[in-house]
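Enquirer: Listed below are the residues making up each chain.
Protein chains: 2
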Amino acid sequence: MSEIKKWDILDSQYIIKRPWLTARKDRVKLPNGQINDEFYVLEYPDWVNVIAVTEDGDFVMIEQYRHGLGRVQTEICAGVVESGERHLDAAKRELLEESGYGDGDWRLLTILSGNPSTTNNLTYCYVAEGVRKISSQHLDRTEDVAVRLLSRDKVIELLRKDDMKQSLMVAPLLRYLFMPET
Amino acid sequence: MSEIKKWDILDSQYIIKRPWLTARKDRVKLPNGQINDEFYVLEYPDWVNVIAVTEDGDFVMIEQYRHGLGRVQTEICAGVVESGERHLDAAKRELLEESGYGDGDWRLLTILSGNPSTTNNLTYCYVAEGVRKISSQHLDRTEDVAVRLLSRDKVIELLRKDDMKQSLMVAPLLRYLFMPET
Chain A
1 MSEIKKWDIL DSQYIIKRPW LTARKDRVKL PNGQINDEFY VLEYPDWVNV IAVTEDGDFV
61 MIEQYRHGLG RVQTEICAGV VESGERHLDA AKRELLEESG YGDGDWRLLT ILSGNPSTTN
121 NLTYCYVAEG VRKISSQHLD RTEDVAVRLL SRDKVIELLR KDDMKQSLMV APLLRYLFMP
181 ET
Chain B
1001 MSEIKKWDIL DSQYIIKRPW LTARKDRVKL PNGQINDEFY VLEYPDWVNV IAVTEDGDFV
1061 MIEQYRHGLG RVQTEICAGV VESGERHLDA AKRELLEESG YGDGDWRLLT ILSGNPSTTN
1121 NLTYCYVAEG VRKISSQHLD RTEDVAVRLL SRDKVIELLR KDDMKQSLMV APLLRYLFMP
1181 ET
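In order, the protein sequences belong to chains A and B. Quick note on the working numbering: the first sequence kicks off at 1 and runs consecutively. Quick note on the working numbering: the second sequence kicks off at 1001 and runs consecutively.
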């Protein structure tokens, strides 16, 4: 059985380094000796998202416009881990800022990648059960986010109808809703 | 209930346009009147992937090095839809090229996005049941891919242990394995 090995980086240079887009071009050598002169990697900080469920069993979702795809989407709360911040703290902060919900019992459900080929970061997906509204929203000036409480059945309908597109959210929701724990 | 609306694009310019990385910077206006001078969108062709299961119930997986994350990953076959190609044809082509497997009964399972905020493309996720080996691999010179046949239990173990990172593959696998059809 052939063994798959890492590539060697022969050269690496940044094309753009901005807070919301950092891209580098690597010149790489494969184990078979082949050279790829142009392999792009997008560098991001780690991301977090959270499946937040109230004491009544409703899912705390947010609706917002997603400019890449050009569609309004109903999603779970998510965001970026700030420098020096713990992943769990980032998830709690994002849920509070975007929805005003907090408290509850938290656990890490899964750690995923949007694209292991082209991106260098991971997304930590949490579950928070028994959350409740403890403050108002605190949005950045370029955020336009509406909170929506959805029943479990409505969330399942959203998934079944393929209305939620973000795979970094669909995967943990499917795991939480349907995968047996052991 | 507040209505979430699209943003207006005030200006748009390409930063880089290469076969494997096309990025544009949009100047956008939100419905609340706020301007964001710097919103980056990554443009890609649509992608496809396929959960391929043999007549014996084994899953046709591939192992390859993923340079963005810097890890060897066991994944399902996947690739890019070529210009003018139908999505289903692209999925059949990728499965055949990467694994040598083909035939079987095909259906579209779900259509997802790696990131609706920053990317403009969709990934069409297929299921192919009853596939069989009909040719050898046909890889590009910069592909280093090993075929692995995994039992259903092994695939579930891979998911449960969080060893497969690619959310565009984890989501359809969880849907296929665990979500009731209705």
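Some hints here could point you the wrong way.
[As the list claims (entries may be wrong)] With a cut-off of at most 30 Å between alpha-carbon atoms, the simulated BS3-like pairs for lysine-lysine come out as follows:
no., chain 1, residue 1, chain 2, residue 2
1, A, K133, B, K1006
2, B, K1161, A, K154
3, A, K5, B, K1161
4, B, K1017, A, K17
5, B, K1029, B, K1017
6, A, K6, A, K17
7, A, K29, B, K1006
8, B, K1154, A, K17
9, B, K1133, A, K5
10, B, K1005, A, K133
11, B, K1154, B, K1133
[What the hints assert, rightly or not] Facing chain B, from chain A, some residues (calculated, C-beta under 10 Å):
no., residue
12, Q13
13, W20
14, Y65
15, G104
16, G114
17, S117
18, G130
19, T142
20, L150
21, S151
22, I156
23, L158
24, D162
25, E181
[Stated by the list, open to error] DEER-style ranges, computed between Cβ atoms:
no., chain 1, residue 1, chain 2, residue 2, range
26, B, R1018, A, D46, 38 to 48 Å
27, B, Y1014, A, E129, 39 to 49 Å
28, A, D105, B, D1162, 19 to 29 Å
29, B, R1141, A, D153, 17 to 27 Å
30, A, L150, B, D1162, 51 to 61 Å
31, A, R152, B, N1032, 45 to 55 Å
32, B, E1043, A, D37, 31 to 41 Å
33, A, E129, B, G1033, 16 to 26 Å
34, B, G1033, A, V72, 13 to 23 Å
35, A, K29, B, R1018, 13 to 23 Å
Since the hints were derived computationally from the structure, they do not count as laboratory data. Since the model is a prediction, treat every value here as computed from it, not as a measurement. All residues carry an ideal CB built from backbone N, CA and C; glycine is no exception.
Enquirer: All hints are to be evaluated individually against the structure, with a verdict given for each.
Expert: Verification of the hints:
Taken as a hint, the A:K133 and B:K1006 pair is honoured in the structure, with Cα atoms around 28 Å apart against an allowance of 30 Å. Simply put, B:K1161 and A:K154 have alpha-carbon atoms about 28 Å apart, close enough for the 30 Å limit, and the pair holds. The straight-line distance between the Cα atoms of A:K5 and B:K1161 is roughly 21 Å, inside the 30 Å bound, and the hint therefore holds. Simply put, B:K1017 and A:K17 have alpha-carbon atoms about 16 Å apart, close enough for the 30 Å limit, and the pair holds.
In summary, the hint linking B:K1029 to B:K1017 is supported, as the alpha carbons are separated by about 24 Å, within the 30 Å threshold. Of the supplied pair hints, the one linking A:K6 and A:K17 holds, its CA atoms being roughly 25 Å apart against a limit of 30 Å. Among the hinted pairs, A:K29 with B:K1006 is inconsistent with the structure: their alpha-carbon atoms are about 43 Å apart, more than 30 Å. Taking the CA atoms of B:K1154 and A:K17, the gap is near 40 Å; set against the 30 Å cutoff, the hint is violated.
Note on B:K1133 and A:K5: the hinted pairing holds, with a Cα-Cα distance of about 25 Å set against a maximum of 30 Å. For the given pair, B:K1005 sits about 25 Å from A:K133 by alpha-carbon distance, which is consistent with the 30 Å threshold. A hinted pair counts as satisfied when its Cα atoms are at most 30 Å apart, and B:K1154 with B:K1133 qualifies at roughly 20 Å. Given the 10 Å rule on beta carbons, the hint for A:Q13 is violated: about 13 Å separates it from the nearest Cβ of chain B.
Contact between A:W20 and chain B, as hinted, is supported at the beta carbon level, the nearest pair being about 6 Å apart and thus within 10 Å. Interface restraint check for A:Y65: the shortest CB-CB distance to chain B comes to about 6 Å, inside 10 Å, so the restraint holds. Using the Cβ-Cβ criterion of 10 Å, the hint placing A:G104 at the interface with chain B is not satisfied: the shortest such distance is roughly 23 Å. Below 10 Å, beta-carbon pairs count as interface contacts, and A:G114 has one with chain B at about 5 Å; its hint therefore holds.
Interface restraint check for A:S117: the shortest CB-CB distance to chain B comes to about 5 Å, inside 10 Å, so the restraint holds. Here the hint on A:G130 is broken, as its CB sits about 24 Å from the closest CB of chain B, past 10 Å. Look at A:T142: its Cβ gets to within about 5 Å of chain B, closer than 10 Å, so that hint holds up. Using the Cβ-Cβ criterion of 10 Å, the hint placing A:L150 at the interface with chain B is not satisfied: the shortest such distance is roughly 13 Å.
The closest approach between the C-beta of A:S151 and any C-beta of chain B is roughly 16 Å, which is over the 10 Å cut-off, so the hint fails. The restraint placing A:I156 at the interface with chain B holds, with a minimum CB-CB distance near 8 Å, inside the 10 Å limit. The interface hint given for A:L158 is broken, as the beta carbon of that residue sits about 12 Å from the closest beta carbon of chain B, more than 10 Å. Annotation: interface hint on A:D162 holds; nearest CB of chain B at approximately 6 Å, less than 10 Å.
For A:E181, the shortest C-beta to C-beta distance to chain B is roughly 9 Å, which falls under 10 Å, so the interface hint holds. With their beta carbons about 26 Å apart, B:R1018 and A:D46 fall outside the hinted range of 38 to 48 Å. Remark: the range hint 39 to 49 Å for B:Y1014 to A:E129 is upheld by a beta-carbon distance near 45 Å. Between A:D105 and B:D1162 the beta carbons are some 20 Å apart, a value that agrees with the proposed interval 19 to 29 Å.
Between B:R1141 and A:D153 the C-beta distance comes to about 50 Å, which lies outside the given range of 17 to 27 Å. For A:L150 paired with B:D1162, a C-beta distance near 26 Å fails the hint of 51 to 61 Å. A C-beta distance of roughly 32 Å is found between A:R152 and B:N1032, which places it outside the suggested range of 45 to 55 Å. Remark: the range hint 31 to 41 Å for B:E1043 to A:D37 is contradicted by a beta-carbon distance near 21 Å.
For the pair A:E129 and B:G1033, the supplied restraint of 16 to 26 Å is violated, since their beta-carbon distance comes to about 38 Å. The hinted window of 13 to 23 Å between B:G1033 and A:V72 holds, with their beta carbons roughly 18 Å apart. Taking the beta carbon of each, A:K29 and B:R1018 are about 20 Å apart, inside 13 to 23 Å as hinted.
When each numbered hint is compared with the structure, violations occur for hints 7, 8, 12, 15, 18, 20, 21, 23, 26, 29, 30, 31, 32, 33.
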